[in-house]
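Peer 1: Line order of the protein sequences matches chains W and V.
Be aware that the first sequence starts at 1, since it is given in our numbering, and climbs by one per residue.
Be aware that the second sequence starts at 1, since it is given in our numbering, and climbs by one per residue.
Hints were generated in silico from the structure; no laboratory data involved.
Heads up, a few of these hints could be off.
Stated by the list, open to error - Listed next, the in silico DSS-like pairs over lysine-lysine satisfying Cα-Cα at most 30 Å (straight line): (1) W:K72 x V:K279; (2) W:K238 x W:K386; (3) W:K235 x V:K27; (4) V:K105 x V:K115; (5) V:K115 x W:K333; (6) V:K115 x V:K133; (7) V:K17 x V:K27; (8) V:K279 x V:K27; (9) V:K226 x V:K105; (10) V:K279 x W:K107; (11) W:K107 x V:K133; (12) W:K72 x W:K107; (13) W:K107 x V:K115; (14) V:K42 x V:K321; (15) W:K377 x W:K238; (16) V:K115 x V:K219; (17) V:K115 x W:K235; (18) W:K333 x W:K235; (19) V:K219 x V:K27; (20) W:K273 x W:K333; (21) W:K273 x W:K377; (22) V:K42 x W:K235; (23) V:K27 x V:K226; (24) V:K321 x V:K17; (25) V:K115 x W:K238.
Residues per chain, in single letters:
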Amino acid sequence: MTQRQETRQARDGPEAWITGIGLISSRGDSGEAHCALLSTGAGRPVVDEESFAPYSVHPLGDIDFPLQIPRKGDLRQMGRWQRIGVYAAGLALADAGLVDNQDLLDKTNIVVAAGNGERDEDADGAVLRAIIEAAESHDALEDVLNETLQTSLRPTLYLSELSNLLAGNISIVHGATGSSRTYKGEEMAGVSAVEDAARRIASSQGELFLVGGAFNSERADLTLTFELCDALWRKPFKSVWERARNGGGFVMGSVGAFLLLEADTHAIARGQKPYAKITSITSGDGSRSPDADRNLSRMESLVDELVAGDTTGSLGILSGASGVEPATSDELKWLNGLGLDARGITTAIRAYGTMVGHSVEAHFPAGIALAALAISKGQFFPPFDKSGHECSIEETPDRILVSGWGHWRGNGLALVESAVAQ
Amino acid sequence: MAVTGFGVLTSLGTGKKQNWQAITEGKSGLHTITRFATDGLKTTVAGTVDFMDLESYSAPLLSTAMAAETIREAVDEAGLGTKGQFPGPLFLATPPTELEWPQRKALFAESNGAKPDPDYQDLLRAARTGRFKNLYPYFQFASVGEALAEEFGTKGLPISLSTACASGATAIMLGVEAIRRGDTEAALCVATDGSVHAEALIRFSLLSALSTYNEPPHKASRPFAKDRAGFVMAEGAGAFVLESYSAAKARGAKILGVIRGCGERADEFHRTRTHPEGKPIINTIRGALNDAAIAPDEIDYVNAHGTGTQENDKMEYLALKAVLGDAIETTPVSSNKSMIGHTLTAAGAIEAAFSLMAIHNSTLPPTMNYDIPDPDIPLDVVANKSRAATVDTILSNSFGFGGQNASLILSGEPA
Numbered sequence: 001m002t003q004r005q006e007t008r009q010a011r012d013g014p015e016a017w018i019t020g021i022g023l024i025s026s027r028g029d030s031g032e033a034h035c036a037l038l039s040t041g042a043g044r045p046v047v048d049e050e051s052f053a054p055y056s057v058h059p060l061g062d063i064d065f066p067l068q069i070p071r072k073g074d075l076r077q078m079g080r081w082q083r084i085g086v087y088a089a090g091l092a093l094a095d096a097g098l099v100d101n102q103d104l105l106d107k108t109n110i111v112v113a114a115g116n117g118e119r120d121e122d123a124d125g126a127v128l129r130a131i132i133e134a135a136e137s138h139d140a141l142e143d144v145l146n147e148t149l150q151t152s153l154r155p156t157l158y159l160s161e162l163s164n165l166l167a168g169n170i171s172i173v174h175g176a177t178g179s180s181r182t183y184k185g186e187e188m189a190g191v192s193a194v195e196d197a198a199r200r201i202a203s204s205q206g207e208l209f210l211v212g213g214a215f216n217s218e219r220a221d222l223t224l225t226f227e228l229c230d231a232l233w234r235k236p237f238k239s240v241w242e243r244a245r246n247g248g249g250f251v252m253g254s255v256g257a258f259l260l261l262e263a264d265t266h267a268i269a270r271g272q273k274p275y276a277k278i279t280s281i282t283s284g285d286g287s288r289s290p291d292a293d294r295n296l297s298r299m300e301s302l303v304d305e306l307v308a309g310d311t312t313g314s315l316g317i318l319s320g321a322s323g324v325e326p327a328t329s330d331e332l333k334w335l336n337g338l339g340l341d342a343r344g345i346t347t348a349i350r351a352y353g354t355m356v357g358h359s360v361e362a363h364f365p366a367g368i369a370l371a372a373l374a375i376s377k378g379q380f381f382p383p384f385d386k387s388g389h390e391c392s393i394e395e396t397p398d399r400i401l402v403s404g405w406g407h408w409r410g411n412g413l414a415l416v417e418s419a420v421a422q
Numbered sequence: 001m002a003v004t005g006f007g008v009l010t011s012l013g014t015g016k017k018q019n020w021q022a023i024t025e026g027k028s029g030l031h032t033i034t035r036f037a038t039d040g041l042k043t044t045v046a047g048t049v050d051f052m053d054l055e056s057y058s059a060p061l062l063s064t065a066m067a068a069e070t071i072r073e074a075v076d077e078a079g080l081g082t083k084g085q086f087p088g089p090l091f092l093a094t095p096p097t098e099l100e101w102p103q104r105k106a107l108f109a110e111s112n113g114a115k116p117d118p119d120y121q122d123l124l125r126a127a128r129t130g131r132f133k134n135l136y137p138y139f140q141f142a143s144v145g146e147a148l149a150e151e152f153g154t155k156g157l158p159i160s161l162s163t164a165c166a167s168g169a170t171a172i173m174l175g176v177e178a179i180r181r182g183d184t185e186a187a188l189c190v191a192t193d194g195s196v197h198a199e200a201l202i203r204f205s206l207l208s209a210l211s212t213y214n215e216p217p218h219k220a221s222r223p224f225a226k227d228r229a230g231f232v233m234a235e236g237a238g239a240f241v242l243e244s245y246s247a248a249k250a251r252g253a254k255i256l257g258v259i260r261g262c263g264e265r266a267d268e269f270h271r272t273r274t275h276p277e278g279k280p281i282i283n284t285i286r287g288a289l290n291d292a293a294i295a296p297d298e299i300d301y302v303n304a305h306g307t308g309t310q311e312n313d314k315m316e317y318l319a320l321k322a323v324l325g326d327a328i329e330t331t332p333v334s335s336n337k338s339m340i341g342h343t344l345t346a347a348g349a350i351e352a353a354f355s356l357m358a359i360h361n362s363t364l365p366p367t368m369n370y371d372i373p374d375p376d377i378p379l380d381v382v383a384n385k386s387r388a389a390t391v392d393t394i395l396s397n398s399f400g401f402g403g404q405n406a407s408l409i410l411s412g413e414p415a
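Please build the complete structure, drawing on both the sequences and the hints.
Peer 2: Shown next, in the form of structure tokens:
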């Protein structure tokens with residue numbers, strides 16, 4: 001099936017409206033807080049260069065978790081990334097008017113993008129100590145490992161280790177039980193999650209989807225995973241594009257991003273106003289293989305399809321580029337090579353990772369959330385840096401392309417536009 | 001929704017033929033763990049897969065190798081596409097993927113961290129030397145999917161997923177949905193789990209979820225029996241080539257069976273326990289029946305989740321009773337986990353494979369170790385030896401931690 005047919009088919013079915021947003025990050029604890037990024041006075045990114053030196057992070061703002069997770073027992077069962085996710089999911093459900101509406105919660109399908117849960121750093125430290133002691137006393141390491149793990153691991157915290165438990169906790173805390181799926185695979189988990197929900201809506205396989213992800217940047221165990229491939233930025237803070245020029249690397253940002261995606265017919269029937277709609281979404285393997293070119297040309301034809309026949313207007317581009325090379329330069333080159341400006345369509349690129357940090361699994365959903373907020377406010381973001389890649393734009397775009405090249409594999413693309421009748 | 005090829009691998013061996021022969025003879029793949037020292041552990045039995053040719057063990061390496069083996073079997077049987085070019089997407093259920101202790105220990109050794117309170121700073125210092133870059137792809141979630149997508153030439157972004165112990169069924173369900181939507185005419189649905197290492201075993205053990213009947217190992221897993229005492233961790237993989245029925249017919253493919261319906265439902269009750277009235281799993285099974293548009297009494301056989309924990313087996317019975325009614329007393333039920341253990345992420349796919357083989361061979365595999373029936377679970381358990389029976393419509397259940405539930409309805413080729 002060609003991309004053209006695919007897109008048309010999606011348009012024949014119900015539209016995927018965004019009717020609820022839950023977004024928390026270093027910028028604050030609501031969609032509204034992130035709207036400040038739309039004004040010129042957004043200021044510098046919130047960055048902590050000290051606590052995890054030599055790594056910078058965008059730390060989570062002040063969040064009062066019990067507001068969305070009232071039971072102490074629930075809070076105790078969750079690592080911080082789960083709390084971030086469950087909190088953001090609760091905001092999205094509240095924003096969409098679903099709280100306490102058990103009939104609708106019963107058919108709300110949860111689609112989560114998740115990485116690994118959090119390790120207990122104290123327990124791991126205890127094992128490292130045991131390794132030293134075993135070496136000193138010539139005991140077998142495995143015996144020491146067994147003994148130390150059995151005494152230092154907390155059984156209940158094992159649950160935060162399971163990727164699917166973010167979704168599980170959302171069901172438990174917020175009562176959404178339609179179905180529950182967890183996608184994995186770093187940035188592409190976020191793309192797969194949004195794509196799963198949008199495609200199921202377009203083909204009438206479901207009407208209500210709570211979709212998103214969470215990322216806790218303030219974790220040494222996670223830092224280690226990304227440091228192992230030299231993916232992290234270790235110099236004084238710079239914007240995404242400026243990092244790419246200087247060897248590349250990403251700065252982790254704590255983010256919880258959830259969207260309530262709803263079939264247009266369902267939203268209209270219950271009188272729920274949309275922020276925007278996801279008109280189209282696509283993904284590719286984006287590996288550095290012979291197929292990569294074909295995949296990119298498929299994406300180009302998608303963009304052609306999206307702007308077919310248009311010779312005027314403007315298109316905002318919210319890039320999820322991480323700053324890691326070569327993916328970041330590849331993405332920028334691809335976006336600049338679309339040739340839309342030559343066709344009369346003004347484009348403006350913004351790398352939102354500069355402002356909220358790179359949030360891996362949560363990054364693509366966060367980009368969609370920011371796009372939907374901008375569309376609903378009838379505004380677009382001013383340039384986030386002075387790299388020269390982010391030009392100011394006179395005409396406010398009424399549609400926004402959200403792009404995301406994974407830091408080592410995969411790419412995704414979604415078009416968000418106004419959901420009012422065309 | 002046609003199945004035109006499938007493959008399976010468990011601790012009993014590689015391939016459908018070897019596995020089917022073993023499980024219908026009631027053989028057990030469970031054994032005393034040799035992969036790592038088990039001194040001081042309460043559970044020393046598992047269904048590890050120790051016969052793959054790997055330089056050293058790690059969960060992602062073993063998971064990739066097992067998945068590849070089953071995909072080869074499935075794709076060869078389906079005869080679809082060309083070598084290294086599968087004409088559809090990959091839906092892959094994978095286990096947790098993270099640094100394991102041997103790697104952490106290597107990092108720690110590099111760091112020379114001999115201070116009294118070693119921590120992640122020591123490991124990070126070692127990582128910054130750049131000498132461990134080769135480890136990285138093994139501990140990114142996407143790595144298993146990437147490797148398989150590259151080897152088999154699947155189309156588009158490889159999809160990695162987890163719904164805990166329901167993952168295998170979910171992978172099949174995602175393929176079914178994509179084909180129904182018309183996104184593709186074929187899909188490769190795979191589930192693999194090679195994650196039995198010391199820490200994983202200890203974690204499940206601390207949750208009191210594992211059987212401690214260590215001797216003899218083949219008696220460790222006792223689904224539905226009164227003296228059941230937990231599940232046995234195990235490894236394996238299953239792969240399915242799914243095609244739209246019309247596309248399979250059009251190319252003259254042999255249709256091995258059909259996925260008639262899928263159901264899924266989340267549970268909001270508890271992280272490791274099911275709702276006391278079993279509501280979510282009842283709705284999961286009902287959802288699958290509705291999706292297949294069949295009545296409960298059309299189910300000929302149930303391939304149960306049947307983990308052998310006190311709670312699962314009791315709740316699964318209550319849900320089956322609620323949905324199938326009195327018919328459940330005469331509907332045969334078996335749990336493959338009595339012989340292959342609980343293959344976790346892979347279980348749903350492996351058990352769907354055994355379900356199709358039951359239809360083909362008119363034989364129901366046994367539930368071994370069913371020596372003391374549980375009076376609270378009056379099921380027609382296929383006890384201790386396989387049973388000859390012609391069945392056409394099978395319910396296969398998968399329930400997981402975190403309130404994940406999925407059920408599949410499978411049938412032979414429609415007349």
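Peer 1: Give a verdict on every hint.
Peer 2: How the hints compare with the structure:
1. W:K72 x V:K279: holds, 25 Å
2. W:K238 x W:K386: Given that 30 Å is the threshold and the Cα spacing comes to 10 Å, the pair holds.
3. W:K235 x V:K27: Status violated; Cα separation ~59 Å.
4. V:K105 x V:K115: Holds, at roughly 15 Å.
5. V:K115 x W:K333: violated, 47 Å
6. V:K115 x V:K133: holds, 25 Å
7. V:K17 x V:K27: Measuring from Cα to Cα gives roughly 14 Å; hence the hint holds.
8. V:K279 x V:K27: The hint is violated at about 35 Å.
9. V:K226 x V:K105: violated, 43 Å
10. V:K279 x W:K107: holds, 14 Å
11. W:K107 x V:K133: Given pair W:K107, V:K133 is violated - Cα atoms ~44 Å apart, limit 30 Å.
12. W:K72 x W:K107: holds, 27 Å
13. W:K107 x V:K115: Not satisfied, since the Cα-Cα distance of roughly 54 Å exceeds 30 Å.
14. V:K42 x V:K321: Distance of about 34 Å is beyond 30 Å: violated.
15. W:K377 x W:K238: Holds. W:K377 to W:K238 sits at ~28 Å (cutoff 30 Å).
16. V:K115 x V:K219: It is violated: about 46 Å lies between the C-alpha atoms, which goes past 30 Å.
17. V:K115 x W:K235: holds, 27 Å
18. W:K333 x W:K235: holds, 24 Å
19. V:K219 x V:K27: This hinted pair holds, its Cα atoms lying about 11 Å apart.
20. W:K273 x W:K333: violated, 37 Å
21. W:K273 x W:K377: holds, 13 Å
22. V:K42 x W:K235: violated, 48 Å
23. V:K27 x V:K226: holds, 21 Å
24. V:K321 x V:K17: Not OK: V:K321 and V:K17 at ~33 Å, beyond 30 Å, violated.
25. V:K115 x W:K238: violated, 34 Å
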